[in-house]
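Novice: Now for the letters of each chain:
There are 2 protein chains.
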Amino acid sequence: MKKIDFYFDFASPNAYLSHKVMQKIKERYDVELNYIPVLLGGIFKATNNKPPMEQFFGVLNKNEYQGIEMERFVQRHDLNLFKMNPHFPVISLQIIRGAVAADMDGYLEDYIDKVLIHMWEEPKKMDDPEVIKSAFDESGFDSEKLMNQMQDPEVKAKLISNTEQAVERGVFGIPTFFIDDQIYFGKDTIWMIEEILES
Amino acid sequence: MKKIDFYFDFASPNAYLSHKVMQKIKERYDVELNYIPVLLGGIFKATNNKPPMEQFFGVLNKNEYQGIEMERFVQRHDLNLFKMNPHFPVISLQIIRGAVAADMDGYLEDYIDKVLIHMWEEPKKMDDPEVIKSAFDESGFDSEKLMNQMQDPEVKAKLISNTEQAVERGVFGIPTFFIDDQIYFGKDTIWMIEEILES
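Here the protein sequences come in this chain order: C and S.
Note that the numbering used here numbers the first sequence so that position 108 is 120, with each residue one more than the last.
Note that the numbering used here numbers the second sequence so that position 120 is 132, with each residue one more than the last.
Hints are not guaranteed to be accurate.
Copies of the same chain look alike in the list, so a pair counts if it fits in one copy or across any two.
What the hints assert, rightly or not - Derived pair list, reagent style DSBU-like, types lysine-lysine, alpha-carbon separation capped at 35 angstroms: (1) K15 with K36; (2) K126 with K168; (3) K15 with K137; (4) K126 with K14; (5) K14 with K170; (6) K126 with K95; (7) K137 with K126; (8) K95 with K145; (9) K137 with K62; (10) K95 with K14; (11) K36 with K57.
Hints in this document: simulated from the structure, not taken from any laboratory.
Whenever a hint applies, use it, and build me the whole structure from the sequences.
Specialist: This is how it looks when you write it as structure tokens:
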């Protein structure tokens with residue numbers, strides 16, 4: 013049974029798109045998905061990287077092409093529930109801390125699945141504490157507990173160490189996957205991962 | 013029979029790598045490859061884009077990853093004759109003008125095939141006129157004629173118009189492919205083109 017480390021944050025549409033496809037892959041292959049919550053903003057700071065929209069700001073044709081690529085990916089994988097978040101960019105710090113807490117409490121994948129809905133299917137301003145809390149309630153999570161856990165020094169420290177370790181391992185953005193200790197960056201490498209699982 | 017427009021310059025290792033793979037694809041499918049010589053530097057200037065090494069200069073992990081990706085591509089497609097050009101970046105202006113001339117004279121694909129050897133198999137300083145001329149001789153081209161054609165206003169104008177039209181069509185780098193009027197950028201989209209040809 014293969015294991016895939018999946019470095020994850022909610023901040024990018026690619027988080028949603030790749031999660032959905034990786035879940036389908038999980039259904040089809042004998043594979044363990046090991047989600048590792050990291051702070052994309054922290055990775056950018058540590059590596060001096062930038063979000064693509066900023067990196068390629070003012071570059072003619074490039075952002076248009078990335079839109080075409082995203083649409084192509086959506087079509088290919090039938091992800092027609094995807095909606096761009098009108099509040100983009102949403103600061104993911106609090107909800108990714110929530111992911112660390114959910115990981116500690118053993119329901120990380122369920123948490124990711126539900127919070128992604130609030131980010132990229134029925135998009136909300138998920139960096140506003142009141143919006144976050146009511147989204148948690150709507151998803152049936154213990155919102156009071158989660159809101160407290162987000163301020164827990166242990167949770168904060170764990171997110172920082174996840175993020176630092178990711179950068180040490182070669183990560184510069186999300187999604188990043190490791191399979192057989194090989195790094196694959198971006199949703200557009202998922203077909204290679206599938207090929208490895210197929211063989 | 014499908015037709016693929018292949019916007020091409022010699023300046024990037026990806027030119028070599030994608031040419032080699034597209035030639036294999038041409039052998040396997042009923043497809044017409046329409047190489048269109050463009051000046052990568054001109055595209056960068058017109059779109060405000062930069063070479064990846066410059067775009068991601070100082071970004072931790074990113075260039076290392078691009079090295080891994082390149083190596084992975086080389087392995088996958090058995091392109092073990094590939095060698096990084098020690099004179100990189102080589103200004104491609106003269107040899108891509110030569111491509112325009114070769115196109116006018118009906119031997120563009122042969123020209124590309126041979127000049128790529130001088131760039132990325134037995135790499136030379138292919139922006140030095142003397143080096144270029146002796147490389148042409150070595151490849152059996154009419155070097156005198158080609159050296160003159162490179163200064164021909166008609167050739168220069170054709171390269172400019174190819175480049176401008178590419179940018180108008182959505183190009184921001186090379187290799188860029190169009191199939192069924194859909195744009196595909198980069199060697200890492202070739203698998204999608206193959207999928208289209210397969211279907």
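Novice: Are the hints correct? Go through all of them and say.
Specialist: Comparing the hints with the structure gives:
When the C-alpha separation of K15 and K36 is checked against a cutoff of 35 angstroms, the pair qualifies both within a copy, at 15 angstroms, and between copies, at 34 angstroms. Proximity of K126 and K168 under a CA criterion of 35 angstroms is satisfied intra-copy only: 21 angstroms inside one chain copy versus 57 angstroms between copies. Taking the shortest alpha-carbon separations for K15 and K137, only the intra-copy value of 33 angstroms comes in at or below 35 angstroms, while the best inter-copy value is 46 angstroms. Taking identical chains as interchangeable, the C-alpha atoms of K126 and K14 lie at most 35 angstroms apart only when both belong to the same chain, with a minimum of 25 angstroms there against 43 angstroms between chains.
With identical chains, the CA atoms of K14 and K170 are at most 35 angstroms apart within one copy only, with a shortest distance of 25 angstroms there and 53 angstroms across copies. With identical chains, the CA atoms of K126 and K95 are at most 35 angstroms apart within one copy only, with a shortest distance of 15 angstroms there and 48 angstroms across copies. Taking the closest pair of Cα atoms, K137 and K126 come within 35 angstroms of each other only inside a single copy of the chain (15 angstroms); across copies the shortest separation is 56 angstroms, beyond that limit. Proximity of K95 to K145 under the C-alpha cut-off of 35 angstroms is restricted to the intra-copy arrangement: shortest distance 21 angstroms within a copy versus 56 angstroms between copies.
For a Cα distance limit of 35 angstroms, the shortest separation of K137 from K62 qualifies both inside one copy, at 21 angstroms, and across copies, at 34 angstroms. Both within a single protomer and between protomers do K95 and K14 lie at most 35 angstroms apart by alpha-carbon distance, with minima of 32 angstroms and 34 angstroms respectively. Taking the shortest Cα distances, K36 and K57 sit within 35 angstroms of each other inside one copy (32 angstroms), while across copies they are farther apart (42 angstroms).
Of the numbered hints stated above, none is contradicted by the structure.
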